[in-house]
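Asker: The chain contents come next:
4 protein chains.
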Amino acid sequence: MSGSTYGTIFRISTWGESHGRGLGVVIDGCPAGLPLSTDDIQRFLDRRRPGQSRYATRRSEADQAEILSGVFEGYTTGTPISVLVQNQDQRSRDYGNIKECYRPGHADYTFDTKYGFRDYRGGGRSSGRETIGRTAGGAVACKFLESLGIQFHTYTRSIGDIYIPESDICFDHILQNSLYMPNNHYAQKAMDFLEDCIKNKDSAGGILECVIDGIPAGIGEPVFEKLDASLAKAFMSIGAVKGVEIGDGFAAASSTGSQNNDSLISREGQIQKGSNHAGGILGGISDGSRITIRAAVKPTPSIAQEQHTITKSLENTSLVIAGRHDPVIVPRAVVVAEAMAALTIADLLLINMSSRLDRIIDFYNN
Amino acid sequence: MSGSTYGTIFRISTWGESHGRGLGVVIDGCPAGLPLSTDDIQRFLDRRRPGQSRYATRRSEADQAEILSGVFEGYTTGTPISVLVQNQDQRSRDYGNIKECYRPGHADYTFDTKYGFRDYRGGGRSSGRETIGRTAGGAVACKFLESLGIQFHTYTRSIGDIYIPESDICFDHILQNSLYMPNNHYAQKAMDFLEDCIKNKDSAGGILECVIDGIPAGIGEPVFEKLDASLAKAFMSIGAVKGVEIGDGFAAASSTGSQNNDSLISREGQIQKGSNHAGGILGGISDGSRITIRAAVKPTPSIAQEQHTITKSLENTSLVIAGRHDPVIVPRAVVVAEAMAALTIADLLLINMSSRLDRIIDFYNN
Amino acid sequence: MSGSTYGTIFRISTWGESHGRGLGVVIDGCPAGLPLSTDDIQRFLDRRRPGQSRYATRRSEADQAEILSGVFEGYTTGTPISVLVQNQDQRSRDYGNIKECYRPGHADYTFDTKYGFRDYRGGGRSSGRETIGRTAGGAVACKFLESLGIQFHTYTRSIGDIYIPESDICFDHILQNSLYMPNNHYAQKAMDFLEDCIKNKDSAGGILECVIDGIPAGIGEPVFEKLDASLAKAFMSIGAVKGVEIGDGFAAASSTGSQNNDSLISREGQIQKGSNHAGGILGGISDGSRITIRAAVKPTPSIAQEQHTITKSLENTSLVIAGRHDPVIVPRAVVVAEAMAALTIADLLLINMSSRLDRIIDFYNN
Amino acid sequence: MSGSTYGTIFRISTWGESHGRGLGVVIDGCPAGLPLSTDDIQRFLDRRRPGQSRYATRRSEADQAEILSGVFEGYTTGTPISVLVQNQDQRSRDYGNIKECYRPGHADYTFDTKYGFRDYRGGGRSSGRETIGRTAGGAVACKFLESLGIQFHTYTRSIGDIYIPESDICFDHILQNSLYMPNNHYAQKAMDFLEDCIKNKDSAGGILECVIDGIPAGIGEPVFEKLDASLAKAFMSIGAVKGVEIGDGFAAASSTGSQNNDSLISREGQIQKGSNHAGGILGGISDGSRITIRAAVKPTPSIAQEQHTITKSLENTSLVIAGRHDPVIVPRAVVVAEAMAALTIADLLLINMSSRLDRIIDFYNN
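Protein chains in written order, with the numbering used here: chain S, 14 to 379; chain F, 14 to 379; chain H, 14 to 379; chain W, 14 to 379.
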């Protein structure tokens, strides 16, 4: 099925494998007139690019984005924007030993069962490199949303047990450390922890968080295309994500109604909220306040320890995974999550334009 | 937008408001030849029906399902199945006092902003009664999946801080207590806790869990229509759900790769897993083992305490919500979650039929 | 598959069989704030209602529409509008003799092959009564489009060889004769011809035409969701339609570029066209001028003559179709075509709102 | 909107402008295990490639297809297949004079109105070169359908008034003349006619026809995703197509029921039809016999005569179109139509697999 397409009005279709000719995305439905350059996309790709720190795979890829269509004289034309990133360092010999057996925690077995065979080189389509297409698409969605005053901050909230308390979050720090943590002190602790992981031939998980400001009230479509439901799918579609929560999330389950309800207050003609346990979404529709969403990311499944597994011919065996792998996925997933949030919101924001007759009449009569 | 439609091949479109003429669903794409009666649907509706216990709203509705189309001589015909549930006890006078002000924790404000006005009677479309349509649709999806040997167990895992440990879960108990908890002892503790909530004019949240057995490996479409991503959307689309997790979920974030990876083992020609931290899904595709998914449900926002809020004309006010409300939503959301899981899996299971050329050729040559 | 859903933003899902409990439609994505009553829908249903003239089936159905949801205090709320029409005169004994054999020109054989069996009573889902749902949905779309100044005229252009020349079309006549022809004189000739058909136990075909004024330029999405492509699908989805053309249609195939191109002229700051061979659509996008679309409708397949056919068990047999059937389908298909055109245009008109960044910024900043 | 995506399960997303970096397609949902090489795609592209005869634009493009993903060791993997065709001969100076004015019969004005500006070089996205993506996608769909025994013959049925009678159609001739006519004698007459057109600085239209054999009965989804409705949209989405008909098409409108009904006959346990006026489709579902579909193609709008038109600033002007243009579009549209038919049928054929419970149970139990 066409599982590589995302969105209804603002829509992307991604393609590409870890060790194929390249990866890319077709962005369809981006409004005409948006200033767009390769740099806008490259900035996003650089945030997920490998080889940048000790805590990310050392595969060396420039991941240079090329825009092949949909932009004319510096502006989007309303027609599909095709973005191409060519693979350079494919070093497929590293993966020869996993051709015949299934890596634990990976999609090798499930792909083989579903499709009858698989492109085993570097995980093929199930590789983390798959996210290049959606990250490029998200960069365009972000540029579009910024023109409406919408801002994103996405970062690593925790790695292993090292969790940054609300009060210690400092957005300025996010780009100051290679883990994209909003507190350099916690980032240093996390790096120490990751050193231990590497020493133990092990890997770590963590939680990423995305906060979004400036979203107008009214975005999200009851009852199945709710904003929170769509964001949950967006985040859970990122490989290695195992949980998603909005606002207080799982903590709300052990709260009470009197604690969890956000009171509404009128101040000088403006609506304010006494708190934001809801994370900016009520009934699946944005309420105009900050949106908060978190995702739990599992530890990198590729570890250097010996693991028990089976071969394609169902023989028991053991496996040591060589190659270049991140000891933690979270930092590189941060930009992917931001991309997915932006794509989701861009789509629902365009869809929301048709919710009220009076505004449609205004639109067509001007 | 058409936010009330769910699914691609097996698709439902729901409709109806809390205090309108009725609620219902059109189920399109259900395969022909499935034996189906009103009873199959009624069994599901009865699990979410109000007025059944002290811990659920005392609104009295029979919620009788009528099948209006798509079934002939006891079997589905492959054409749309229309199910209607007529509203009886509409008692709209109870809601008169919320016509002009916005209830905290409800969608009143967001609906008004999005649509310009709202059907304020009982929450209109944002009422919990909206789930009647999807529950009826899910009943049909479940019947279809059962014919393929797929089984669901869905239950209340926790209420407030009362959480049932893995080892104490007993499926047989689920239908033995009005909270749908898989342990009668914990259910009693939860009931005591709810008594306190009621006494305090407050409400409680909780966690529901759905485990699914018998799903063939291969279900789910990379990279955006993954099984886990689709289930996350399905669950998060249920009103009051604020978080979703698969397998170990958020716990995986503080685990390590060596702990979290599930080893594969071959035993007498069968594939087994040494553990199931992944919750039955790898790379977004089912691996043939048990699928586990949990959702965090916030406390009922309608509480009898006085709350601060604003009117439609932006004046500060206070509100006491009368009417009939559940002190906890989880037990009645259990069947809704099962319905959404079934709808999601039915759809992806049908879509998966087109994944392999050899099987398509077999299909059309027989 | 979910073949009974039509549209992306303005979307309908229809259901119902000829001899089931009833038929209906769920209209989702209709903007909030549209005044809507049962009368708006009834007016459309009455135009396709049986039993109104000698040239339409004498089955007697009131076809009363009931609105079950989505309208509050006389206005649409933005939530799904469920419309129900209950069947009354089901007289299924008439159809007993076609249970075991396949009627030529009908979908009996194809339904049986596709679904394994069929609801044979009156054609089941393949009956002309299926169009009740889409007609009701189209009535709502029309009401919405009228509020934007868009007007439809739909009529029978020809029956058999009796074709009304362009210069003899008079919109005022359409509702003055039971064939919905825009010229009473030609209508009389057509009635005489139909008398002959009835006498010969035969039936007639014809062409219907829909002209639409007031559509703003810019509607339609290149390259697959073009306005003309979408209209073609809309019309061809009506049972018995075998051909569709836009503007000059098939006549353009034997024209030349110099004849067929419509020149553009500027008059007092307004754009005009020297001709309208294109039928108001260029590159799949409306150009602001009148849209013209025609559909060829085959003769009613149910005829009183003896016909050769086969039984379900593949035995040769002959069949005489009793029951109540239209000697010509075109007049009753007129309103169905108008409904489909309105649904198509409503959807694309809403989608077009997201085409330009400047207009989106205006929309959200006001 | 995402108008550049086509299909539900077998889905393509196309991109590219006449004078951009290139054009291409992402094919998603192609079943895994199909042998596929660049040659399979190139064969289709070569049939629409410019510069091949006197009657097609002399723009010189190799139109070399590159497969960038989705194929591994010669077989499709079930993941998206990205195909790229780089533009070489872009000669944009030819189009400088149409930057400021609107060509009659082209989409210049409608694109400018919809998007606020346009890529005027060679028509941008509204150029005939847009069809490269869909043709490449259709090549893959055709390869897939051939593996199921489905065969296509597509050809020019008429140019101007030169129409080949049924009895003179000879499939063997199709590839023997540059007009893709199934009769070399008529092709010669058409060439003579086109010479006159060129001499008169004019252009011609025509009709293309596609016949499809080997389609199993049961393909097509009532009531909106009917096979004929979907084919109508597919064909009408091709630039310059103004009409579509199935089977007898418009001729059926002046036929009678007794003439137009196809009788069913049983011969040695096989179902046969006494005639095929229906063109192989009843009730929107294939009946197992030959499918016939025709499209009317308007004359090339780019002609060398002086034409009246307006500038972007609404001034009257006259225009002579230089550059390289086909005197007739039909021959190059033939392969595009075949591609669209194949894409449509591939999608509906996969969707049909979910129509019957018994067959689904068989599928998953084997």
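Please note that a few of the clues may not be correct.
What the hints assert, rightly or not - So the derived label-pair ranges between C-beta atoms look like this:
(1) Y377/W x K112/S: 24 to 30 Å
(2) L327/F x E79/W: 55 to 61 Å
(3) V333/S x I374/W: 40 to 46 Å
(4) C183/F x D125/S: 33 to 39 Å
(5) D226/F x S326/H: 51 to 57 Å
Said to hold, decoys possible - Covered, in the sense of this in silico footprint (three residues per stretch, anywhere, with C-beta under 8 Å from a C-beta of chain F), are these stretches of chain H:
(6) 30-39
(7) 84-94
(8) 117-130
It should be emphasised that the hints constitute simulated quantities derived from the structure, not laboratory data.
Don't be surprised by glycine CBs; every beta carbon is placed ideally from N, CA and C.
Asker: Each hint should be assessed against the structure and marked as holding or not.
Answerer: Structure-based check of each hint:
1. Y377/W x K112/S: 24 to 30 Å: Given about 28 Å between the Cβ atoms, the range holds.
2. L327/F x E79/W: 55 to 61 Å: Hint holds: Cβ distance 60 Å, inside 55 to 61 Å.
3. V333/S x I374/W: 40 to 46 Å: Since V333/S and I374/W have Cβ atoms about 42 Å apart, the given range 40 to 46 Å holds.
4. C183/F x D125/S: 33 to 39 Å: Holds, at about 36 Å.
5. D226/F x S326/H: 51 to 57 Å: violated, 42 Å
6. 30-39: holds (count 7)
7. 84-94: Satisfied; 7 residues make the cut.
8. 117-130: It holds: at least three residues are needed, and the stretch 117-130 of chain H offers 4 whose Cβ sits within less than 8 Å of chain F.
In summary, the structure is inconsistent with hint 5 from the numbered list given earlier, while agreeing with all the others.
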